[in-house]
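Residue numbers (the working numbering), protein chains in the order written: chain A, 65 to 161; chain B, 16 to 529; chain C, 71 to 614; chain D, 307 to 561; chain E, 58 to 679.
Rather than coming from a laboratory, the hints here were simulated on the basis of the structure.
Every residue, glycine too, gets a C-beta built ideally from N, C-alpha and C.
Any given hint might turn out to be false.
In silico EDC-like pairs for lysine to aspartate or glutamate, Cα to Cα no more than 16 Å straight-line [as the list claims (entries may be wrong)]:
1. E:Lys-497 - E:Asp-604
2. E:Lys-219 - E:Glu-167
3. B:Lys-387 - B:Glu-292
4. B:Lys-387 - E:Asp-419
5. E:Lys-497 - E:Asp-417
6. E:Lys-497 - E:Asp-419
7. E:Lys-81 - E:Asp-169
8. E:Lys-81 - B:Asp-465
9. B:Lys-387 - E:Glu-170
Some chain D residues near chain C, calculated using beta-carbon distances under 10 Å [said to hold, decoys possible]:
10. Phe-326
11. Gly-442
12. Phe-448
13. Gln-449
14. Ala-453
15. Glu-469
Which bits of chain B does chain E cover? Going by a derived footprint, with three or more residues having C-beta under 8 Å, they are [as the list claims (entries may be wrong)]:
16. 446 to 454
17. 486 to 495
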Amino acid sequence: MNEYLALSMILFTIGAVGVLVRRNAIIVFMCVELMLNATNLALVSFSRQHGNLDGQLAAFFVMVVAAAEVVVGLAIIVSIHRARRSVSVDDAHLLNL
Amino acid sequence: MLTLLAATPLVGALLVTLLPRGDAAAQRRAKYVAFAVSIVALGLSLGLLAGYDVESGGYQFTVQEDWIGQLGAHYALGVNGIGLTLILLTSILTPIVILASFNDVLPGRRSANSYFAWMLVLEGLALGVFAATDVFLFYVLFEATLVPIYFLIGSYGGEGRQRAAVKFFIYNLLGGLLMLASVVGLYVVSRDAGEPSYLLSDLMALDIDGTTEKLLFVGFFAAFAIKAPLWPLHTWLPDAAKSATPGTSVLMVSVIDKVGTFGMIRWCLEIFPNASEWASPVVMVLAVISIVYGALAAIGSDDIRRLIAYTSVSHFGFIILGIFAFTTTSTAGSVLYMFNHGLSTAALFLVTGVMIARRGSASIGAFGGVQKIAPVLSGVLLVAGLSSLSLPGLAPFVSEFMVLAGTFTRSIPLATIATLGIVLAALYILIMYQRTMTGPLQPQSAVVTDLDAREVGALAPTLVLIIGLGFFPQPLLDVINPAADRVVERVGVGDPPPETGVAPPSDDDHEGGH
Amino acid sequence: MSSLLPSVDLLSVDRPPIPAPELDYLLLSPLLVVAAAALIGVLVEAFCPRGPRFVVQTALAGVGALAALVLSVVVYTELDVVEGAVRGIGETTGDGSVVIDGPGVITWMMLAVFGLLGIALFADRKLEGGLSSFTGRAADAPGSADEAEAQRRGVEHTEVFPLAMFALLGMMLFATSNDLLTMFVALEILSLPLYLLCGLARRRRLLSQEAAMKYFLLGAFSSVFFLYGAALAYGYAGTFSLAGIEAAVVGRSGDDALLLAAVALMAVGLLFKIGAVPFHAWTPDVYQGAPTPVTAFMSAGTKAAAFIALMRVLFVSFGGVAWDWRPALWVVAAITMVVGSLIAIAQSDVKRMLAYSSVAHAGFLLVGVSGAFGGNEGGNDITSVSSVLFYLTVYGLASIGAFAVVMLVRDAGGEATHVSRWAGLGRDQPLLAGSFAIFMLSFAGIPLTGGFIGKWGVFAAAWSGGYWPLVVIGVVTSAIAAFFYVRMIVVMFFTDAEEGGPTVAVGGVATTVVIVLAAVGTVALGVLPGPALDLVQHAGAFVR
Amino acid sequence: MTTFWIVAPLIVLASLGLLFARKAVHAALGLAVVMIGLAVLYAVQDAPFLFAVQIIVYTGAIMMLFLFVVMLVGVDSGVSLRETLSGQKVAAAVVGIGFGLLLVLGVAQLSLGPVTGLAEANQHGNVYGLAELMFGPFVLAFQFTAALLVTAVLGAMVLAHRERLTPRSSQAELAAQRLRDYAESGKHPGNPPTPGVFARHNAVDSPALLPDGSPAPGSVPDSLVDRGQVLDVTTDDVDDVHRQIGRRGEGEDEK
Amino acid sequence: MFDYVWLLVAFPAAGAALLLTWGKESDRFGHLIATVASALSFVWGLVLFIGLLGRDGDDRSITDSLFTWFSSGAFHVEMSLVFDPLSALFVLLITGVGTLIHVYSIGYMEHDERRRRFFAFLNLFIAAMLTLVLAGDYLVLFLGWEGVGLASYLLIGFWQHKPSAAAAAKKAFVVNRVGDLGMALALMLMFAQFGTTSIQLVNDSVGSASAGVATALGLLLLLGACGKSAQVPLQSWLLDAMEGPTPVSALIHAATMVTAGVYLVVRSSGVYDASEVARTAVVVVGLVTLLVGAYIGCAKDDIKKALAGSTMSQIGYMMLAAGLGPYGYAFAIFHLITHGFFKANMFLGAGSVMHGMNDDVDMRHYGALRKAMPVTFATFGLGYLAIIGFPGFSGFFSKDKIIEAALGENLWVGLAALLGAGVTAFYMTRLMAMTFFGEKRWRDEVHPHESPRVMTIPLIVLAAASVLGGLLLLGDWITDWLEPVVGHTEHHELAVPPIVISLIVTAVVAVGVAVGWFTYGARAVDDTAPTKVSPFTRAGRADLYGDAINDVVVVRPTMALARGLEWFDRRGLDAFAVGVGSRLGELAQGLRRSQTGYVRTYALGIFIGALVLTLALMAVTF
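All chains should be built: construct the whole structure from the sequences, respecting the hints.
See the structure below:
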């Protein structure tokens, strides 16, 4: 049980670090997806731990949410790419100070 | 009655705002209306004085309505002798200020309507502040007074007005917010004791835990000390006074700053008597520093308006000293001092305002020998100045002496150092007078013409009052004394008896000659 | 590994039927009506010809929000008193996944009002020469010929109205979710439309898109933290239900580390939404880049919903470990106030300034939350919940009003948001500038404005909880914060206009109404806050 | 358990690809591996339904969408590899390691007690169990998820869909316009049509058609004409072409 | 009758008020109003005095309480006037000399366009001075005390266009304020100690207080007296005060106001009786001033300054006498009165000389005026004889008594007083010689002439008084008269009979006169002051460096402190307050830079926040 949790946490952390270090907006977004997946793993594990399906259902919802989020997110990324020909998150820093 | 009194200027302000603007005639009309309103308010407050039962003292004309029940806030008004004195001061000074400000040159093409409207707003709020017997109501009005002054300085003042206005605002707001913390704390204390209530009477009945009381006291006191202003929290005042129009300065220093000292008596002493006593050594030392420091800084000032501001710092030191000496004499003296200082500072600001406006400079060095061409102006300045240095026979003397005498019974060293203030006062006034008015007429100050009838009309009442109260302060003291008594009793320190008893002056002695 | 063969499960026959969940449609009606308005909006988008579409959408959204407001009031009157440890009103529905209680319904009302005002701003088509503030065609590259053509033809994205209604739905659901899963879904429902809306500005589209992307990436990032926290909480308690978690916490049935990690991570997601330091960094960029009507709506609505959710989670589920999270929240509140106020001083753009101001206000609100004061026996106290509710109302009103004013102060390049461009506004447009001054004074907490009572309330709540040092920090920060509000007044009233200063566009009736309502509301809540305070106090505590 | 120890390292390795892969495609593939690995772990943990959904929705749909976008913006779209923010990587590494350690050591080491297992919950089958929840306590969440999906659709529409503002000009219109321009301003009408223009085929042997439908002379290489290999153009063809691309053009012609 | 004591004050006060507020039309007759007001006061004073004479010795103190000035808590101050033998004498002196000087001024100020105001100020002075001496309460006394200070200020600076006059006026006021510091503290001490400031009550009960209190009171009052009476160390203003018109110098800075200090000491006899230390201090102050004043008087070429030095010196005598306690109070007052006559006489004479000399004050430009101004010469000569103590003249009696009493107290004190008498004779002889004898040294454009009648008549009257003032001592009338107020004790028996002392004094005076005559009368005097003079002369000319010392010790440090503080206030304290603001601003700018615009930085912030938050929460459990 703990090992699932540990794996989930490791994945979560890798995802978080990825958000910080990757500059390609798409990859950044993939990292967020990785974090979501890590969460799902935790949910599923806890579900088995507690012997109820709430966790699994939550994981299912997360997938749905993730799907919607991906659509919106990728649409935003694409529209930015269309305007700037770039998907680097660092190129978008007109708003500062 | 009190509501009507406070509402009159506010309604008047609205009226003045709504009057048509623009050409000279419209502006003149606005001025006349504003003046008339302030006269009505004066009449009302004189009516108040007439209706006030001096014999029974205490709070009169009380009004009490629930306002924000959840907070325990009430719309509660009432005046005792102290409040009445300051209400009188406010309503006397406002028409004078309005009259004296008739020809103020406003920056840009700003309209006189709003200028006078703001003044009336300020008057209304100030009257409310002095009449409030609910902490919350008081606080609200106290803070609200910042806005009109802020606009009066920032919009109509002279050079550096924006900076000065912001400084004024932030400085005072900081104090006000510290007080807010205590106001909030007071709610909690009062709620924990039962129903929340901000009524003065309810709060006085509270038994506040020692540490909490000190904490709450500090918040209140900080606000009042900034407002008053007490060294070292005074630095906003010279700047504000320098940049404001004379009328604004008068309202600010003579009226609104009194809220600080008034608040110390009304709220700090009444609600937190133990903490007040606990803090009094420190406060008294600060007050004495204020006295000497303000006077010295005034001596060193070249700008007339800053000079007057520093003198006020010094005078406020006296007032605060008297309050925290906790004797009936000194407390009553402080209240009387508030009134007198209001008058003398008003006269000083207004008459120097005339000089400065005509000369176009506020630097002492820009004048010289003005007495020759403007004897009336110079005479008024001299009388105002002499009252500021507390010459016996002029109103401030009595109050200053009462403060000092009361303080002396409490602390001889502090009273002694404070007395130094009277020497320094002579220096700052006379040096200023000497350098501006006497000597051969300087060519550059030849533009200073003498006071005209309107200006004399505006200033005369202050001078008459200054001289009159110098000899006959007792009627006012009769109003003040019961309240001062009560405050001192509340703090519970009590007047120290004379060290060496003398046969108490029998009544025969007093009325012997008659 | 039998479970790898699901077909076996699917074929079994002896399964009891799943009972239909009990839904109290009356209680849910505000949610449903908003959802309906949004969905109908989508249909309108598909089937209504372009000509009347804008008007239809506006009306639809407006009616939806208004109906939500009315229904919320109706619902509020229907709520029953729940006597618990502390008095509350309301009940749960949907098998406990949504709780319709006093604070929640009041938040609904608040949100519905904000929604109405926001819609009004969305609908102003006078400012851009007959067009709304939103880009005509988001798909066009900024500056392209297509865009110019779309502009010329007056093409508009009327989808913004359904999107706004979805966001409103999300906010309302967020405030009344009674389990973490619903809360997460609500969080996403409110976030996604806002991400989109942020990117749709007509002017400065690159900035707008950038804002959208930042908001989106960071929003997604932080909501994952929330989700992970929720997962850990589930791990701790074995349930997502707030009440279930509370029971577990009270019984200490799990491991503290898990619990506290759950609190912390969930807090990250929620604090992000309210814009607390150090999770605030998106606020200025997004507020500045987003179309101003969106900023107005978002600043008021998101904050309200997120705060209620935050308090619901902390007070209901984790009230038992309040001693553990209060110090942390304390520190966050203090840092938020200080940093928000300080950086605001250094701003020269009105929208950014307002953004940092919103950060500072998040700090002040957190002061009220940190106190975590649920009231004494007497019941009629200023509690954390009631004070925060009141504060949110006045903040939201002033914020929407202020952004509405920002919309009107324009020059050739659109909104003139640089502070210096506002010089002399008070002389030319005394009423407009006066309204803005009222909002600023309310933000600064000057008496006779709602902001003052609001501040008083949160401070009272914090002090009641024994957190007076935080109150002191709060008041000192207020003074710092006052500096930039006051500076706006200086610029508008005391500074003479520069050459070619901004011209104030005559906004549509809607915008004017919004400004007037916000100003009147701000003053009314300052002078006579009694009824409103009554309302928020009557709301009582959260119902489980 | 064995499955876990086989799959877990794979997952971690694949996930590291997200951190270190230079190309977005590689990262996406790494993520796909992670997802599939997770699917396996779901299956191991008595979550057959999620196993399926993970494969179908996540790996199947979401990852495809990612890859699609990656292709759209260009596989090699230039995100420079030089770090622009100094210290960002170090800070991220430090914080990440700290965070990971904190969670793993602080939280994952706790004793959760015996695993209850899902035997009971799954007694009527996993899907049934989930359905019971979904249509029970979480029905509202489920229903409002619809809003999420509609939003997503709406968003995609708003950001990507370009409504046609003007009807597309037919070739006939364009040609007519060119000639009008020539008549009015002497602007060169351009080269004569090349083979395949207006024809049904692009092949060299189909002659270009003139606006009236007749074959344009010289549009087919002479050698082909000589060999008689020119595609025959019938009126039907022309009508077809009209029907396909230029209805309005035809109408105008008739006028 | 005695219910109307207040009329004494009211006449001049009303006159002053009338003249100050009345417009220009009163320019023509304003001076008459003032003179009449003063004269009325004198007449009324005379009536009252006679009324007092008709009463028993024990019943000669009439308290007239007008109204309660102020009353609060334990503090109760009556606006009360006391008419008793002491104040009666003063009333007569003040109103009498005052009226004469009013008359004199009519002529002296004839050509001054602001004459009306001058008379208003004179009347103000009379009113204040009368308040001072009539006061039944120390606070009322203080009112008069400051009132005369104000009048003095206004009159010294009457010619405001002269910067020196304005400066002198300010200086007088400020130095007096230093003295007032003592007064004010004494008043407070009285209040704290006795709960009252009534003169009667304080003096009655001071005996029952501790000696320390009495000493403190005595010293504080002495400080006040020093300021008003120009005693060392607060003497410096008097010489500058000669900037005022000469009648002012005569009235205020010779005859009346400057003697108020003596009056104060005598009036507070109860206090001084109770404290040996305080008395000694008074003696020392008086003695030092006596010598300092005399020394300065020797060195001045300015006729008014020489007279001013003399005034200081003579008041020193009075202080000395007052410091002797019951032995000397009466003699102090006696000398005060005779001095009032002859010094007023001489000042007015000096004014007359100046009037004839185009306002030139330098004696080196005079000489041989006895022929040009015979009346002035004659009256001045009589005053001269009085002041040097020529036997039979008033000064002879009064000074003699003081030296006698001083010798009775302490040999050295007596000897010093004796020395003073000699020096007085020297410098007065010098003055006489330089002014009226010798060769004429006038400038060509000057045509000395006798003053008009309106000026000479007062001179004549005062000269007569100077001669006859000694009559007051007849039959110890003055000591008996004052005894109910101040008490009187004969001094210790002297080793030699009083007549011997008189002879010794006369001899010393003769030596002084001789030295003076042979130095200045018998020899020609330079018409410019020699510059190569001994350090002693230089010191005398520089007022014994009194101003320099004040300057170095007090004025410059104070002004430097004031400027420094003002600077500190702007650049230190305020800059600190503002600095806190700007530091915050800088901090804000620094924090603002954290907003880089890079989304990854923001994400890092969130991540760090998450880490710290988690850590913080979990730290609770670890």
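So which of the earlier hints does this model not fit?
1, 2, 3, 4, 10
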